[in-house]
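A.B. asks: Heads up: the protein sequence lines correspond to chains C and G, in order. Residues in the first sequence are numbered consecutively from 500, following my numbering. Residues in the second sequence are numbered consecutively from 500, following my numbering.
Because the hints were derived from the structure by calculation, they are not lab data. The beta-carbon is built from N, C-alpha and C at its ideal position, and this holds for glycine as well. Mixed in with the good hints there might be a few duds.
Said to hold, decoys possible - Partial list, derived from the structure: chain G residues whose beta carbon lies under 10 angstroms from chain C: (1) Leu520; (2) Glu618; (3) Ala712; (4) Pro738; (5) Ser903; (6) Glu906; (7) His981.
Number of protein chains: 2
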Amino acid sequence: MSEESDDLTGSPVPRREDEALLTGRATYTDDLVPPDAAHLTFVRSERAHADIESIDTRAAEKLEGVEAVYTWPDLADSSSPCVLPISTGSLDCEPPGHPVLARDRVRYHGQPVAAVVAEDGYRARDGVEAVSVNYDSREVVTDPEAAREEGAPTLFESAPDNVAATTEQGDLSKAEAAIEDADRVVSIDLENNRLISSAIEPRAAVAEYDAAADRLTVTMTSQSPHGHRGKLASTLGLPESAIRVIAPRVGGGFGHKGHHHPGEAMAAWAARDIERSVRWTATRSANYLEGAHARDHRTTAHLGVDADGTFRGLAVETTANVGGYGLGGGASMPGWYGGLLSSQYAIPAIGCRTRAVFTNTAPLHSYRGAGRPEAIYVTERIVDVAARELGIDRAELRRRNQISPDEFPYETAVGASYDSGDYEPALEKVLEAIGYDERTEDGTVESVESDDPDDGRLRGVGIACFTESTGGGFESGVVRVHPDGGVTVAAGTHSHGQGHETTYAQLVADELGVPMEAIDVREGDSDAIPKGTGTFGSRSTITGGSAVVESAREVREKAREIAAHRLEAAVEDVALEEGEFRVAGAPDRAISFEEVAGAAYGRGLSEDLEPGLEATTFYEPDGTAYAFGTHAALVAVDPATGDIEIERYVAVDDCGEQVNPTIVEGQVHGGVAQGIGQAMYEEAVYDDEGRLLSDSMAEYPVPRAEQLPDIETETTVTPSPRNPLGVKGIGEAGTIAAPPTIVGAVADALDVAHVDMPLTAERVREVLEE
Amino acid sequence: MSEESDDLTGSPVPRREDEALLTGRATYTDDLVPPDAAHLTFVRSERAHADIESIDTRAAEKLEGVEAVYTWPDLADSSSPCVLPISTGSLDCEPPGHPVLARDRVRYHGQPVAAVVAEDGYRARDGVEAVSVNYDSREVVTDPEAAREEGAPTLFESAPDNVAATTEQGDLSKAEAAIEDADRVVSIDLENNRLISSAIEPRAAVAEYDAAADRLTVTMTSQSPHGHRGKLASTLGLPESAIRVIAPRVGGGFGHKGHHHPGEAMAAWAARDIERSVRWTATRSANYLEGAHARDHRTTAHLGVDADGTFRGLAVETTANVGGYGLGGGASMPGWYGGLLSSQYAIPAIGCRTRAVFTNTAPLHSYRGAGRPEAIYVTERIVDVAARELGIDRAELRRRNQISPDEFPYETAVGASYDSGDYEPALEKVLEAIGYDERTEDGTVESVESDDPDDGRLRGVGIACFTESTGGGFESGVVRVHPDGGVTVAAGTHSHGQGHETTYAQLVADELGVPMEAIDVREGDSDAIPKGTGTFGSRSTITGGSAVVESAREVREKAREIAAHRLEAAVEDVALEEGEFRVAGAPDRAISFEEVAGAAYGRGLSEDLEPGLEATTFYEPDGTAYAFGTHAALVAVDPATGDIEIERYVAVDDCGEQVNPTIVEGQVHGGVAQGIGQAMYEEAVYDDEGRLLSDSMAEYPVPRAEQLPDIETETTVTPSPRNPLGVKGIGEAGTIAAPPTIVGAVADALDVAHVDMPLTAERVREVLEE
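Only chain C is shown next, with the shape it has when bound in the complex (with noise of 0.2 angstroms):
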């Protein structure tokens, strides 16, 4: 990216974070332990909907090593009010925030009741079996339609009828009208199964006090330590200068920890009320009961076609469940999923529906992809849906409807302004990678070695278009050039698996002309920098990576001017080359980046230029940018047991510019067995008295290694022109465009229109037997 040298940037570096992690040298928020540390654990509600009449605590607070447990009362003494406000304002009625302790109520299995602080973890769980919690059962519903019908329970007073928002994009009656003139209306109903995050490290909190200065650092498993300290300034109800948050190593977050959630806010209210350092580290049961869960959509969905496959419009109703409460943004989040539904196609009218309603089942959030796979799923599935009917071939009918790289930037019926495309090199290298003409009669493909033919099962071919949206907010970036010459680079995005420490010392080293031993990255410190947004939504190379490369051209700028001082020269005749600066035609005046640095902080530095060498950037994009792809698949599906054996998967991914087509590659891989998860063995189950099933690793069956097919990954460079680097997110696109392509492929398998996810084998004996 730098006229200097561009060896970095685009190259396949490795990860420079892995060996840390891999030898276990990694530092997580468990890991540590003050000197004076107690430990926090809560009693989770047993019912799912509850009045809460008496909580007996007083043989818990007998036990030895037990100090201190805690109701709501206890929090709702303090001057605070001690809820998870729901942050986003476009809701239906004002439902109460969640309280970090329950207030009167409960309206999810495993809500947080009590809490209890001891000297160790096993003291406190044993406390936690020591109180008693008398409840007074309510009518329970799981179900977000039967929630919305006449007679059912409710909530919240302020939404008799559950319904926490309804939300419309695009135009629906337009859509509605479009299709009606329409030659054909093709229609589906599916459901888009509740997911639960299943980070390798549960969420975990390590509160410490400084009582002299009333200020609590809190280290925990943070996406977005800014955020954070907003959030837990807001709960405590305290400054948010009053608050520090560190998050180290966190293994994996995927939206999940970047929620506000009862474990953290109640350790450091704990810590600030008997001034001690308290840990929480959730138990794998307590993530999976509190959530926050995810998708959860049923959906019905129109697509109005004529008879060549022209696409004349879409329109969607989607009814999303939100949970018992919702948290921050998360009752109102399913509102804005609709925004995606265009795909990569050009229909002039789109209209979509969305409600989201309250039900006793644990709080909705996002989740890796975060609606984006939500919306695709719906366009995706109809538009196969679409060429079965219209007797078009898949790949053909969305090559017709796909929008063209002429049309760009492209704004879509639903308000979707798409910075740059070019859609059908990305399908046709799918097509030709899978062997899509290849197919045989029965489905197989003969360039597939593995295939046998003769074995009895049934073959398929899945394909899938997407478009993802990108980026967005602010990130601020910090290039800090020490006196001698090594370079701290900080930002407000976190990594957690995305690998910012190798991409943002490549991006650094590049424009700075230092080797990347000299760069250290640093992130995950609210204190080290102003503000920070966070890692989400495939945002930090887009808005992290963009600030730190500003704040490196104007070091390096502020570097060139010292050095043209130092040389006697004119600064537009000193150029940055190979480490050093040097004077235009004179070779041996040159002066290095090392000696430079040290100038700037006071060894001859001129008077007209101020000391220091680091620049802070608040970097915000122009503009979302939208990656794309398509990705293909080819099953064999056994009908005698239901089993699904996925023989190819291929991914072409366009992210545009590519820091380090690597660490793209992994975070295609990841995003695909995560969408592959979804696709074919993850849900959250809840029985009829509203509890959860799934609520360990043996019910909620994350793939494992031998489950998955080698991903086969190619891209395609389309560079967005909404930022500095090009680069559009690719941390997410796996979990859009598998979940479509997998069950595309075993449809087609089926030889049916659709089948709903999960693809357990249960269900596909279902469908074989139908």
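Fit chain G to the given chain C structure using the hints.
C.D. replies: Showing chain G alone in chain C's frame:
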């Protein structure tokens, strides 16, 4: 200082830091106990000058709980030389730096020879006792004059005459010629006694090592976190970005905690070696043995003066004892002491030659005042002697030679550029206050109530004028407004008694129109800001204060632009009044500072405004600010015992504008107490074998409260034109003024020209017996 409100700046706001300090809630370095902490203690040399023949560490290594025993070869084998470098270049020789552990020779009593790291401090001390060192003694020299004589033992081969540096300031031959021309030559021989810094908290460090990142965090008793970061990086051979230095609460600095000592470096090196945290806290005696020691000048001075009292020339020859190595710049530091020899007087010719000499004593470095007390002591003492010889009143002689207010900026004969001054009012004020003209024949002052002129004691009055160079170098100041309107102020200075938390908050509150409570002042973390210089040389308010004010002004302007955008008004029509931005002429169009802060981070910012509301300033003053003042004391000397009572002490100081008069007064009190300590009690004493006899508080008597008079303070205000606040430093004034004031008073009482410090009863009786 701000147009909106000047309520806080200039007011005697109580120190915000005092509650935590006085209630024992402040956290000092030694309070920090990482869970994996090991403890470091040193084996220290029992000899003052010896070759190390062998060190047997085997017995120590076998002790249970001893983790490691280190000697020089362990450090030498590491990648770095592990030497504390002598950082100032103006030496005659190239003496080796101070090795962290003695290399092959020890050069002063107490030099670290080996280090023991163990599970706890007791086991570490057991380990120290189990180490046996074989020394081959060398001849010892502790007197700097003796060290320069033929045949004296040599400390470093590179300095065969033991002279580390010879420096000339001003013009010695011109001064000598001027003296020859004068009507009279007045001469004096004097000693400035060797002092030891006696901060209430000994030096300490806790080094924590992150092996995965190869990064050290060193929490330590530092006046200058960035300075120590650089010094540690140099000694350990690490880039600065790999080291974070945190200075928590620090119990007094006095220069001593700005130096680079073996303890902190050894702790950091060991933490990296054993990959666990290492704690070290100096014992009082270790602190005294190892230094840094201070002052220790022998001076001969000649003043040429005409019969009417006009000063014609001043020639000064000084031999300074820099000890066994000189720490950092300590070996060359005496070389610039002569810059203040002009004191408040127009002396047309001044020359000063200083020889800094190595001896077998603890290394020398700066100590509160750092050269200025030594210089002013020479001038003020010789002026007293001149008055006595000429028969001119001491005050009158000073008055006749003072630089007049219209001569500023004034360039002294020794190259100092005085910024501003109005010396006579301060002199008159002190004379008035002390009752100078009320003295009776026998030296008593009638207005002194405690006077009993018939008690047989000898009365004397002393006066001393002084100037003081304050400020210098750059400092960085960060003002960061959080989205909730809270403000964090950070600076590279460090407060260890100076009250920056209060003064910086006053300054910024006024600039931003917010209450002090909204402002959180943070210092002491090298990671928190780009680069700082630290606190020493009476520089913090000038440099750090100006830096935070300039940042606050920048922030206010940005906030005003945001407010104007939100109020749909022109920027020039918007003013900050009473905590809100108001549109001129439209009193109901206003937006609060908090709302602007929220808007700055993305909620309603215009397109052409970059998000964020913070500024970082690197401020460097437009030259040195010269504080000044005149102090006076009345003493009563008991001829029978030699005891001295200070009956009154009046300090009139001028430090320009005062941000907080209470803190100014406190600084004067502290400085005078320390100056009285030097004048009357303190002295580092070595025996003939080079053993430090004054190695404890019992032997090195810092003054107790009961030994100090009520210190009466008054001020005049002559702003400095060289910084935006008009301030001058005040932290060291008392240490400069008190020694010549007290010695002058006692000489007056005893009716002699001069008595050397410390004015012990023994010395007073010796003078009386003569």
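A.B. asks: Give a verdict on every hint.
C.D. replies: Checked hints:
1. Leu520: It holds, given that the least Cβ distance between G:Leu520 and chain C is near 8 angstroms, below 10 angstroms.
2. Glu618: 15 angstroms, violated
3. Ala712: OK, holds: G:Ala712 within 10 angstroms of chain C, min 7 angstroms.
4. Pro738: Because about 4 angstroms separates G:Pro738 from the closest Cβ in chain C, which is inside the 10 angstroms limit, the hint holds.
5. Ser903: This interface hint is violated because 30 angstroms lies over the 10 angstroms limit.
6. Glu906: Violated - the Cβ of G:Glu906 stays beyond 10 angstroms from chain C, reaching only about 25 angstroms at its closest.
7. His981: 4 angstroms, holds
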